[in-house]
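Asks: The lines below spell out each chain.
Number of protein chains: 2
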Amino acid sequence: MKGIFAVLLCGASCVCQGQTYPDSVMMERIYATSFVDGEAYKNLRYLTKEIGHRIAGSPQAGEAVQWSRSLMQELPFDRVYLQDVKVPYWERGAKEEAFILPTREPLKVLALGGSVATPAGGLEAEVIEVELLSELRRYGDAVAGKIVFVNKPWDESIVETGVAYGLNSSQRSRGPAEAAKLGAVAYLFRSLSSSPDDDFPHTGGTRYVKGIDSIPALAISAVAANRLSEVLKENPKTRIHIKNASRWNGMVDTHNVIAEWTGSEKPDEIITIGGHIDSWDVGEGAHDNGTGTMGTLDAIRTLMKLGYKPKHTIRLVFYMNEENGVHGATRYGEAARDKKERLVAAIESDAGGFAPRGFDIKSSAEKVAWIQQHWKPLFEQKFWVSRFFAGSPGVDSGVWGQHFPNTMMFNFRPDPHRYFDIHHTDKDVFEAVDRRELQSGVAALASLLYLLDQQIDEIGQK
Amino acid sequence: MKGIFAVLLCGASCVCQGQTYPDSVMMERIYATSFVDGEAYKNLRYLTKEIGHRIAGSPQAGEAVQWSRSLMQELPFDRVYLQDVKVPYWERGAKEEAFILPTREPLKVLALGGSVATPAGGLEAEVIEVELLSELRRYGDAVAGKIVFVNKPWDESIVETGVAYGLNSSQRSRGPAEAAKLGAVAYLFRSLSSSPDDDFPHTGGTRYVKGIDSIPALAISAVAANRLSEVLKENPKTRIHIKNASRWNGMVDTHNVIAEWTGSEKPDEIITIGGHIDSWDVGEGAHDNGTGTMGTLDAIRTLMKLGYKPKHTIRLVFYMNEENGVHGATRYGEAARDKKERLVAAIESDAGGFAPRGFDIKSSAEKVAWIQQHWKPLFEQKFWVSRFFAGSPGVDSGVWGQHFPNTMMFNFRPDPHRYFDIHHTDKDVFEAVDRRELQSGVAALASLLYLLDQQIDEIGQK
Chain A
304 MKGIFAVLLC GASCVCQGQT YPDSVMMERI YATSFVDGEA YKNLRYLTKE
354 IGHRIAGSPQ AGEAVQWSRS LMQELPFDRV YLQDVKVPYW ERGAKEEAFI
404 LPTREPLKVL ALGGSVATPA GGLEAEVIEV ELLSELRRYG DAVAGKIVFV
454 NKPWDESIVE TGVAYGLNSS QRSRGPAEAA KLGAVAYLFR SLSSSPDDDF
504 PHTGGTRYVK GIDSIPALAI SAVAANRLSE VLKENPKTRI HIKNASRWNG
554 MVDTHNVIAE WTGSEKPDEI ITIGGHIDSW DVGEGAHDNG TGTMGTLDAI
604 RTLMKLGYKP KHTIRLVFYM NEENGVHGAT RYGEAARDKK ERLVAAIESD
654 AGGFAPRGFD IKSSAEKVAW IQQHWKPLFE QKFWVSRFFA GSPGVDSGVW
704 GQHFPNTMMF NFRPDPHRYF DIHHTDKDVF EAVDRRELQS GVAALASLLY
754 LLDQQIDEIG QK
Chain B
304 MKGIFAVLLC GASCVCQGQT YPDSVMMERI YATSFVDGEA YKNLRYLTKE
354 IGHRIAGSPQ AGEAVQWSRS LMQELPFDRV YLQDVKVPYW ERGAKEEAFI
404 LPTREPLKVL ALGGSVATPA GGLEAEVIEV ELLSELRRYG DAVAGKIVFV
454 NKPWDESIVE TGVAYGLNSS QRSRGPAEAA KLGAVAYLFR SLSSSPDDDF
504 PHTGGTRYVK GIDSIPALAI SAVAANRLSE VLKENPKTRI HIKNASRWNG
554 MVDTHNVIAE WTGSEKPDEI ITIGGHIDSW DVGEGAHDNG TGTMGTLDAI
604 RTLMKLGYKP KHTIRLVFYM NEENGVHGAT RYGEAARDKK ERLVAAIESD
654 AGGFAPRGFD IKSSAEKVAW IQQHWKPLFE QKFWVSRFFA GSPGVDSGVW
704 GQHFPNTMMF NFRPDPHRYF DIHHTDKDVF EAVDRRELQS GVAALASLLY
754 LLDQQIDEIG QK
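Read top to bottom, the protein sequences are chains A and B. In this text, residue positions in the first sequence follow the numbering used here: the first is 304, and each later residue adds one. In this text, residue positions in the second sequence follow the numbering used here: the first is 304, and each later residue adds one.
Just so you know, not all the hints are guaranteed correct.
You can't tell identical chains apart in this list, so a pair holds if it fits in one copy or across any two.
[What the hints assert, rightly or not] Below, simulated EDC-like cross-link-like pairs (lysine to aspartate or glutamate); rule was C-alpha separation at most 16 Å, straight line:
#, residue 1, residue 2
1, K345, D500
2, K614, D381
3, K670, E761
4, K569, E366
5, K685, E463
6, K345, D737
7, K449, E429
8, K455, E644
9, K449, E427
10, K569, E644
Since the hints were derived computationally from the structure, they do not count as laboratory data.
Could you build the full structure based on these sequences and the hints that come with them?
Replies: Here it is in structure tokens:
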């Protein structure tokens, strides 16, 4: 190991002295540095274990902002600053409860993010179970006074779990308003979990619609959903009890955390890289999105350690409030638009810290083809990274990208198999992250950043 | 989910009725069946939790043989049989111990597979630490009476952990003989672990050489190796105590487990698929190689469930004794050679049950290129399987392949990041396997088997 390090240090100093290497050699150096000397895992441990989960507006989110800034200040960035953002602060309050009546058999539930509270003593009602919200219509007036229970099982047959998630996530966000329109008193939503045996409830954002009553909205674990469904088949008049004490605390001042590494040739052309620093208020926000923030930071640190000097300005952004409002990315986009910044490319990491598989690319078909031809071969065989397909940007880039339709965007794609087992649950903890997988992702991000900085002008000609 | 199932069942019956589908549609059916209805995970639970680890020759290995046969007999194979194999039966005996003297500070150790015992009360000696066996020469006579401690850290910089493993594994097998040649009384080997913070010792095969004393050989955890090295730096005269009670029980009768699904067009041309059923005698042999056996069996079951009728004979082989002798694969090869069988292709799974990444292919460059051109596009974007490079076969196929140099061989490659953290340790248990990753691998194996059966004659023309 010592031997390898000596080579790396030599490499770094050689780059400093203006020597250049073939891309493949630079990438070998990046990977070796990340695996041997990476700090993403160590930093993730601090973020998850010392700060913990950090919903936007919370004291923990504030602590994450200050600590992230101090991390960035320790590195040779040219500028580190906070960008003011106002976010809505939603607080869960006392632990939710739900049980079947009259046996009081418990059901594992978790309020959906943004839910209003039940009355202090909870509420009791009969339940109407459907797979799809569209089925509610046929119940007509019978919905009034009841709890609507949307129990659509995850489509296990789909390899890419993000696609299966997307098939059903709109029922989570639209559900409370659609149920309330028909007079429902609460909304119960089968958790979006890729594991059929999962007894953890998965939270996630929901929303209300002006002019329609806001009713309490809870996620129920897959196992509890199956159980409740079974009970309802035996007795459709079964009543259940639910209690939830969450509340809105109004708008709170907080920040995006930003660091800039000024380009030596085109300082006004900016490559944005980052992910969201907030999380849901369960687990530790490890894969969502501790790995995305600590990973992108470590990708830049890796290039710095190798003595790299960027041609374009590289800007690291930790967005606030992706989970329940996206106010951080909105603010970033508006500020950049007002300053007429030249945001030439963007990389986002917000799909977990599993083994890196590639990047979805939002760009013209010609540019995607150019990347497949020139960059994929650098990654594919040796580094096990092979996905360079056209696709959508991450949530935060997508939001600010509305003002920058021509920015080439890269959405980091780690392996998708395990993500939606732990997503938005108490299972999303540091221990669910593997160091080699995380640092392999750091190296993939650093390699892409390097290639973009070196060759983006060449792609731009296409 | 019910909706999807209905489609699948229709699909299956359609195939039965002789309809054919494009390969991409057949693969969608394979993946959906494996994810929704796969049994590899369930069977793996039985193998690991009810039978447990199963070193060749042990009662558990015998139980695994009988149970595997019964699993195969439940499926519509045309023939299920046991192939006699003689294997050496090595037994660990009472738990090993090691500690530093005079403090008795413990060191985590595990006898290497095949090691002889120490004297009943253990042995004590000074330690000579080297990174490489080749360094021993410079110690000359000083080695006599000492314990040789090979402490070479894992090369973390290499993405493909199997390559890093290969760089050092020969020191595990050659070590005891080379140390004994110089008069060493025991051999202590730093565990081959990809995790620098690993305090689990990793066992693995070693071997003695006729005419050179057999000395006790133990693996020491990475953490304990670091600690011992530190102590030796302070006091090179430090003595340690080790004790090991393992023994050889001679040759034992056991079996390969084989099932055949006869081809409808070319029954004499055989595609072999399988992996080894034995394991080391620690943990539960989950990734090594419960996933390989249960996965290949489930790949065939998936095709059967879809009503598929193979053109060539598909032969499932659970090899005995891959870990310490490869006698099962040797026997399989000799029997096939003697019968002049036509083994046209082989698939082996023995690299864990992590997310499938592809297959290493042993064949001509032309055939590999043909597969990259025709099959890779079927797997790559939709199913996240993209590695179809020339490479080596698995250990068992490699051994019997010596008699069949023209057999096209496929070595299943799951994600490599986590394998060598748990390999050959008490960490290799059922809980380390993810259901979706495993069933995704089953689908990849079934898809390759299907494509081979359909198109191998076409590749053969190249």
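Asks: Of the hints stated earlier, which fail here?
Replies: 4, 8
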